[in-house]
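Participant: Following the hints, position chain B against chain A.
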Amino acid sequence: MSARVIFQALALGLSTGSFCLGFCLPVALPVLLGAKTKGMGTSTIRLSLFLFGRLVAYLLFGIIAGSLGTTLAHSPFLRIRIIPLLYILLALLLIIYGITELNPLARFAPCRFIQPTINSIWFLFLLGFIAGISPCPPFLLAITRVIDIAGILNGILFFFIFFLATSLYFLPLLLAGFFTRFALIRTAARILAVITGIYFLSLAIANLLPSLYTF
Amino acid sequence: MPDKDNRWLRTLFLSVLVLAGVALTILPHWLRTGRRSIQPIILEAPGRFYPHADTPDSIDIIFRLTSVTDPDLNLSIIDVGLIETLVIDTSAQVRVILGLTTPYCPYAKELARAVLDTIVNTPGVKNALVKIDPNLIRPLR
Chain A
1 MSARVIFQAL ALGLSTGSFC LGFCLPVALP VLLGAKTKGM GTSTIRLSLF
51 LFGRLVAYLL FGIIAGSLGT TLAHSPFLRI RIIPLLYILL ALLLIIYGIT
101 ELNPLARFAP CRFIQPTINS IWFLFLLGFI AGISPCPPFL LAITRVIDIA
151 GILNGILFFF IFFLATSLYF LPLLLAGFFT RFALIRTAAR ILAVITGIYF
201 LSLAIANLLP SLYTF
Chain B
216 MPDKDNRWLR TLFLSVLVLA GVALTILPHW LRTGRRSIQP IILEAPGRFY
266 PHADTPDSID IIFRLTSVTD PDLNLSIIDV GLIETLVIDT SAQVRVILGL
316 TTPYCPYAKE LARAVLDTIV NTPGVKNALV KIDPNLIRPL R
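Chains A and B supply the protein sequences, listed in that same order. FYI, the working numbering numbers position 42 of the first sequence as 42, with every residue one higher than the one before it. When you read off a place in the second sequence, starting at 1, and then add 215, the result is the number in the working numbering.
It cannot be assumed that every hint is accurate.
Said to hold, decoys possible - Derived contacts from chain A toward chain B, CB cut-off under 7 Å, selection only:
(1) L29
(2) T144
(3) L192
Stated by the list, open to error - Quick look at which bits of chain A chain B covers, simulated, 3 or more residues with Cβ under 8 Å:
(4) 17-26
(5) 117-129
No wet-lab data here; the hints were simulated from the structure. Since this is a predicted model, take the numbers as computed values, not measurements. We treat Cβ as the ideally placed atom computed from N, Cα and C, and that holds for glycine.
Excised from the complex, chain A in its bound form:
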């Protein structure tokens, strides 16, 4: 059974990894490029923390989907109400991340107050975690499979392998460490973070509005 679970998770992760990257890239790239790093080592740590956040989120969902089944993981409430709220949270974090370092806002006291928190490497873990629990289509497919195979251990194993397989697509982001030495790229990344935040905000509103329509 375990070999089957591993193979299925690996196949799903490898076949849909580009989809995962497409979902997480708008979150990861601006944040990875927005801060000056000391070479590839720091860049690797930063990317690892983002991925670790995703891993924690995946394992959490693996446990929930494996133990509770359809009752929670596929509840309409989660998809209709929680996902837009997660998008709004992501949007706010990205906008705050972007504007706190952009001139002339960076000089204001509130921005200077939150700069250490926003620039902390644990901020990447938080973003990774939120990006991880914001279900994208491959993630929902993984949940569907975990519900089918049932069991907490199977759920954890499936999501762990799924995470490893999808993380392979994130490896090119290690190159971010090379580009962060250029101030112009860091500024562009901060502006991109704000644009991405606005984009996620618009997606959240677009997802919330149809759900208000009742049959």
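Facilitator: Leaving out everything else, chain B in the frame of chain A:
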């Protein structure tokens, strides 16, 4: 003057970088997930005219819907449990809410069309409305 030129060049380069970033991150995201936001599929059609037909009952419609199969599973949508709600009002208007077996099911519209065709061909139905709610996921166990 060189400083001013430099500033323009810098702004231009920055704009190019931001646009490249948008093209690299937001565009693929929008193409893959943004366009496919959680939207229900709603189809509506008037029923066929059958003279002297009585208002249909739910058993009759459910019986007819057993002939509609999920194209992927080749099982009846009744057996799979996709029918979430079936309402027949006093004016013989039938409303059905369907779920899906998997998120982003490629057969969703095809399924809605098949259900609608079956209902409108039931004697006595004045009007039929079928809604597929993509938030209702019924994984096959």
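Participant: Confirm or reject each hint.
Facilitator: Status of the hints after comparison with the structure:
A distance limit of 7 Å between C-beta atoms decides the matter here; for L29(A) the minimum to chain B is near 5 Å, and the interface restraint holds. At its closest, the beta carbon of T144(A) sits 5 Å from a beta carbon of chain B; the interface hint therefore holds under the 7 Å criterion. Because the smallest distance between the Cβ of L192(A) and any Cβ of chain B comes to about 4 Å, under 7 Å, the interface hint for this residue holds. Counting residues of the region 17-26 of chain A whose beta carbon lies closer than 8 Å to any beta carbon of chain B gives 5, which meets the minimum of three for the stated coverage.
Three residues within the 8 Å Cβ limit are the bar, and the region 117-129 of chain A against chain B gives 0, so the coverage statement is violated.
Figure legend: structure checked against the earlier numbered hints; the only hint not met is number 5.
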